[in-house]
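Undergrad: Combine both chains into one complex, guided by the hints.
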Amino acid sequence: MLLIHCPYCGETLPEVEFAYAGEAHIARPENPSAVSDEEWAEYLFMRDNVKGVHYERWRHLHGCGRFFNAARNTITDKFLTTYEAGAPRPALDTLTEGGK
Amino acid sequence: MTAHANILTPGTLADTAAARVTVTAAPGRLSLRARGELGAIEGALGLSLPGKIGGRSQDNGIEALCLGPDEWVLLTAPENVASVVAAAAAVYDAHPHSLVDVSARETTVAIDGPRVLDLLCLGMARDPESIAEGEGRRTLFDGQTVLLWRDGATKFRMDVWHSFAPHLLGLLEIGCRELAAETL
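As given, the protein sequences belong to chains A and B, one line each in that order.
Position one of the first sequence corresponds to residue 1 (the working numbering), numbered consecutively onward.
Position one of the second sequence corresponds to residue 1 (the working numbering), numbered consecutively onward.
No lab work stands behind these hints: they were computed from the structure.
Since the model is a prediction, treat every value here as computed from it, not as a measurement.
Note that CB positions come from ideal geometry on N, CA and C, so glycine has one too.
Worth double-checking, as some hints may not be accurate.
What the hints assert, rightly or not - Part of the chain A face toward chain B, derived, beta carbon under 8 Å:
1) Tyr-8
2) Glu-11
3) Pro-14
4) Val-16
5) Glu-17
6) Gly-63
7) Cys-64
8) Gly-65
9) Arg-66
10) Ile-75
Excised from the complex, chain B in its bound form (with noise of 0.2 Å):
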């Protein structure tokens, strides 16, 4: 496959008292589809998938985020991807479901401080507290979809598309900057 021009290579993008911005290395990412009883799936998985909209769960190597009634996104190492599609692909005729490989898809940052939930009322209109810690959404930032997933009180995680990457976190790292210089 041919490499996409804007994937970044991990590491610190801004780091200021304000908040933190880093690229992290790339996880496995799956994205599944499924109505229904979920059983079958979720005993191929491993991992009871969250019900709730938002709602995350993690068991087996594998960390599920629900992004809409029938829509989740899976993250797992890179090299448990193909055993985790193996297993699913088993039980297709027990439940006929769709997950697929989107690894190659997106970008993610860490982005973690003091200041994290300022930095991200950048770019975003919906209120950040209203994501409760431990949980995910898929939500705006600056004209973009993102997934955002709150790991704590001021540490989050933003999954961005590869081609929107460089324009996005631009905008973090400026932020940053700016959070920073500013006397309170």
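For reference, chain A alone in the conformation it holds in the complex (with noise of 0.2 Å):
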């Protein structure tokens, strides 16, 4: 089982505790009237599937409710770090496996 960290908690819990919830640092345009038919097919429904580290997003369903985003390394399982809805993307370099 994994264990996540919730960056709103402060606890390292189980995964059972969250909700997986696809791709993080997908923003939506601004004006969906604006954009082409492409565009607005890009947004909705193509997703990058990474082979080594993945922003994705994770909700802790059973406990404070919130959405965070997370970085894990698709190849070993292992969270990078996790991190609250709306912050940056945090650079890969300064992201260590097994590091808070």
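TA: What follows is the structure in structure tokens.
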């Protein structure tokens, strides 16, 4: 079982309290009616399938209920860091596996 | 309102050497969501709201538990619910918030006894010891979201939605008997 650090609760908790919520840092177009169908489809459907460090959203569903972001290595399944929703994407070279 | 099919009458469910599980009388329950400077709401409630997730406070006949960065559950006597709601509604213009009476939602069980931590481990992935005395958490117990209040070293309260109560209380009852039958 994965242990996930919730940045809102400040605790490292079992995976069962959390729900995965897809790729992080996908910004909704400010004005959907102004974008082309291709751009809209890109926003709606197209996601990266990263081998390595993946920035993704999680929700502490059975706890504080908050969405937050995480960087996880999809090969080792280790979390590099978790950070509050809305915070900038942390630079990859500052992250080490198992570090907080 | 139609009575819920799974509302249990208060009483002792299991009482063994390991632990005791008791359905308690239902308190008045309120869900509070608010952001920003909380002074106006705290003034209306007569209670200082805990800021840390899992923290608790008690004053003016109200017990509060912080569930999330902007979410609290308030417990009070059922007859006080209307006055608490009215007091908070009076400061709504000064500080918009949401305060909802959810008294009809949950069953509360008191769980205590020397092996209560082992009993909780039957259904809980997180370590019950990580909840300090006088704190509480929302967590997952055997697949259901519950509120767990730790009142003492071996004293807990669990709030569970009515629909899931028969399932969870069945597990707790069997767990009490199993732990009591174990030879240590």
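Undergrad: Decide, hint by hint, whether the structure agrees.
TA: Hints versus structure:
1. Nearest Cβ of chain B to the Cβ of A/Tyr-8: about 6 Å, under the 8 Å cut. The hint holds.
2. Annotation: A/Glu-11 was flagged as interfacial toward chain B, and the flag holds, the nearest CB pair being 7 Å apart, inside 8 Å.
3. Given the 8 Å rule on beta carbons, the hint for A/Pro-14 holds: about 4 Å separates it from the nearest Cβ of chain B.
4. Contact between A/Val-16 and chain B, as hinted, is supported at the beta carbon level, the nearest pair being about 5 Å apart and thus within 8 Å.
5. With a cut of 8 Å, the hint placing A/Glu-17 at the interface with chain B holds, because the nearest CB-to-CB distance is about 5 Å.
6. At about 6 Å, the closest approach between the beta carbon of A/Gly-63 and any beta carbon in chain B falls short of 8 Å, and the interface hint on this residue holds.
7. Annotation: interface hint on A/Cys-64 holds; nearest CB of chain B at approximately 4 Å, less than 8 Å.
8. Given hint, A/Gly-65 at the interface with chain B, holds; its Cβ is 5 Å from that chain's nearest Cβ, closer than 8 Å.
9. The restraint placing A/Arg-66 at the interface with chain B holds, with a minimum CB-CB distance near 6 Å, inside the 8 Å limit.
10. Look at A/Ile-75: its Cβ only gets to about 25 Å from chain B, farther than 8 Å, so that hint breaks.
The earlier numbered hint that this structure contradicts is number 10, and it is the only one.
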